[in-house]
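> Use the sequences and the hints to build the structure in full.
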Amino acid sequence: MALMMKQSAGLKAVSAARSRKSVVVRAGKYDEELVKTAHTVASKGRGILAMDESNATCGKRLDSIGVENTEENRRAYRELLCTTPGLGQFISGAILFEETLYQSTKDGRKFVDAMKAENIVPGIKVDKGLVPLANTNGESWCMGLDGLDKRCAEYYKAGARFAKWRSVVSIPHGPSIIAARDCAYGLARYAAIAQNAGLVPIVEPEVLLDGEHDIDRCLEVQEAVWAETFKYMADNKVLFEGILLKPAMVTPGADCPNRAGPAKVAEYTLKMLRRRVPPAVPGIMFLSGGQSELESTLNLNAMNQQPNPW
Amino acid sequence: THSVHLYAPILLVHIASRCVISGLSSSDKRHPNRARTVTMQAQMQFQSARTVSCVRATRGRAQPKVLCRAFNSMESPFAEELKKNAAYIAQKGKGILASDESNATTGKRLQSVGVDNTEENRRDWRELLYTAPGLGQYVSGAIMFEETLYQKARDGSQFVDILLAQGIYPGIKVDTGLQVLPGGKGETTTQGLDNLADRCKAYRKQGAKFAKWRAVIKIGEAGCPSTTAILENAHGLARYAQICQENGLVPIVEPEVTLGPGDYSIDETAFWSERVYSHVMRLLNEYGVILEGILLKPNMCLPARGHAPPGLDAPVASPEEVARVTVRTMMRSIPPAVPGIHFLSGGMSEEEATLNLQALNDEAPNAPWALTFSYGRALQATTLKTWAGKESNWAAAQDILVKLAKANSEAAAGKFKGPHPVPGGGRILQALRTGGSGK
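Taken in sequence, the protein lines are chains A and B.
Its first residue numbered 71, the first sequence is counted upward by one per residue in the numbering used here.
Its first residue numbered 20, the second sequence is counted upward by one per residue in the numbering used here.
What the hints contain is simulated information worked out from the structure, not anything from laboratory work.
Please note that a few of the clues may not be correct.
[What the hints assert, rightly or not] Below, computed lysine-lysine pairings styled on DSSO-like, alpha-carbon distance capped at 27 Å:
hint, chain 1, residue 1, chain 2, residue 2
1, A, 341, B, 102
2, A, 307, B, 204
3, A, 341, B, 434
4, A, 341, B, 111
Now the structure itself:
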């Protein structure tokens with residue numbers, strides 16, 4: 071009845087008695103680093119700067135100020151953001167687009183190095199965008215799992231330490247069971263792959279603001295989507311101490327006649343989080359998804375009026 | 020377009036109007052967990068049969084909404100009361116006295132101290148427990164067996180009233196025992212869903228405020244736990260919880276991961292516990308159970324070493340290690356909305372149960388849920404031996420019970436300093452009894 075220990079590529083497998091199946095007790099190569107990175111990005115009083123617009127989307131932004139969409143102009147714009155002095159007091163992480171990860175400042179310093187000098191962790195968008203989901207009423211799913219393990223390994227080598235993947239769920243379009251399930255499933259698989267490559271996954275199932283639904287309906291859908299997401303993440307053995315969440319706040323739809331002030335948004339959002347998010351998760355960074363700058367700040371402030379376990 | 024009411028499973032159902040509602044496509048290759056997905060979908064349809072789902076049918080295909088009105092959280096008239104009662108039982112520094120042994124099991128206990136298994140003796144034994152002076156300072160709930168819920172003390176007062184006067188909420192065991200699952204691995208499911216709603220109503224009328232259902236998932240033997248056992252037990256717990264809340268009782272959800280014979284580490288126990296709790300939580304979510312209105316009764320994570328008798332002469336894990344692994348497991352599995360985690364004492368001696376509980380509170384003094392106890396034998400074993408059926412020992416037995424309750428209450432508040440009232444006791448094993456505790 072010998073105790074057999076199998077060591078392979080950082081996974082610890084414990085197997086006892088002859089006929090018992092092996093149990094893989096997860097001990098990933100990057101576990102400690104993931105937890106440390108997650109805590110750094112989630113440090114109190116700091117947040118994430120999302121500057122991962124695709125070339126096309128970035129082009130729209132530059133266009134709006136009359137600047138041509140060339141690689142040099144995109145580089146110059148991102149240099150402006152990355153090298154802002156003192157940014158690291160308020161920003162703990164910056165999400166980059168792939169092109170930006172490999173770019174340098176005018177005087178030849180890599181962006182990732184400039185950021186690390188400010189204690190800003192570089193992150194990288196790894197999904198390949200939303201496409202229509204078959205047999206649904208206009209819903210979408212997020213692509214990007216193919217070859218993701220290799221891409222993540224390359225990004226880690228280039229200096230990225232966290233990753234982002236944005237799936238969406240639309241309330242006016244359903245949401246259907248298959249859309250919610252695919253959103254959760256894609257995020258779970260991405261999270262497992264990213265962690266194995268040393269990148270902290272930001273888990274973002276964005277429940278879109280669009281619609282006429284009230285805040286109760288938003289709560290219902292968010293609870294269902296987060297339940298699915300944690301379910302699949304658990305199945306995929308994602309390390310919860312090494313992820314970050316990027317949820318939408320629980321609010322009425324953009325076109326709902328019944329508005330909700332910061333206190334109500336805070337109450338509903340905290341209720342949803344308390345019901346669905348295990349305390350092991352080190353940080354929750356909200357997306358603003360259509361809220362005004364003022365609204366989103368007031369809502370965030372209201373939420374932090376009481377202590378919470380993450 | 021017009022509305023369609025769904026009452027049937029939706030896998031390829033033709034509705035008389037011009038729309039086709041299709042469920043999970045069988046050619047969907049993207050999901051390796053197809054079988055489970057189908058089961059989940061069937062379960063979601065089970066829920067939708069109870070609440071009306073309106074689907075606006077358009078020409079071409081339409082998908083039903085992901086969630087019908089979760090009627091429990093929206094419309095249950097008991098929602099606020101459930102949350103209040105759960106919060107009361109889970110208040111810091113108090114725990115639960117588990118005294119819900121079936122008549123058969125109680126009989127074994129009584130016989131071990133030479134007392135006959137009669138209704139009168141069972142009544143006497145419970146009266147000793149519930150009238151212990153000052154018990155209510157340390158205990159916020161007591162779980163009873165059905166017979167006990169309706170019994171009276173010698174002076175004619177109802178047990179439920181005696182408990183309430185002490186500030187102890189009465190609870191009721193509602194499962195009707197374990198049954199062996201086919202497959203030959205000794206795995207079990209728990210029975211008790213039939214007529215549960217009616218029984219809950221009656222128990223509530225009698226004064227019960229919470230309920231308990233024990234599911235057992237066996238680990239440590241070849242092929243255990245099987246997916247069937249995990250899903251079956253999780254399903255039973257979720258349906259029981261839903262029905263209880265519907266009828267005004269706070270459900271204690273008890274997914275006990277039982278250590279079978281074998282040689283395995285505390286990390287392995289933790290691994291399987293996480294798997295089990297994940298399945299339990301997902302079904303509670305899908306069935307619309309109000310998490311602020313339940314209590315959890317899990318096992319602490321313990322290692323097991325050695326074979327026969329399993330665990331008894333195994334080296335005891337230090338309280339610090341038990342606490343570290345158990346807290347980690349809870350942090351990964353249990354959302355903060357659950358107000359209290361009341362650990363069971365199976366597998367530990369009376370002293371271990373207290374020391375481990377203190378270590379848990381040292382490890383996580385700011386845990387979002389109460390880390391407390393729901394102890395049966397860790398409160399009753401020595402009490403019973405002290406009484407031994409003799410009237411002359413009555414006061415001494417009550418005294419040791421209250422001392423044990425006090426020690427565990429202090430541990431639940433993170434304030435136990437010792438010494439323990441019953442140091443060095445032997446480990447109490449949780450055997451896998453089948454055949455129905457409902458007798």
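> State for each hint whether it applies.
Now the hints, each set against the structure:
The suggested pairing of residue 341 of chain A with residue 102 of chain B holds, with an alpha-carbon distance near 13 Å, which does not exceed 27 Å. A C-alpha spacing of about 26 Å is found between residue 307 of chain A and residue 204 of chain B, which places the hinted pair at or below 27 Å, so the restraint holds. As the CA atoms of residue 341 of chain A and residue 434 of chain B are separated by approximately 30 Å, the hinted pair breaks the 27 Å bound. Between residue 341 of chain A and residue 111 of chain B, the direct Cα distance comes to roughly 21 Å. Compliance with the 27 Å bound is thereby established for this hinted pair.
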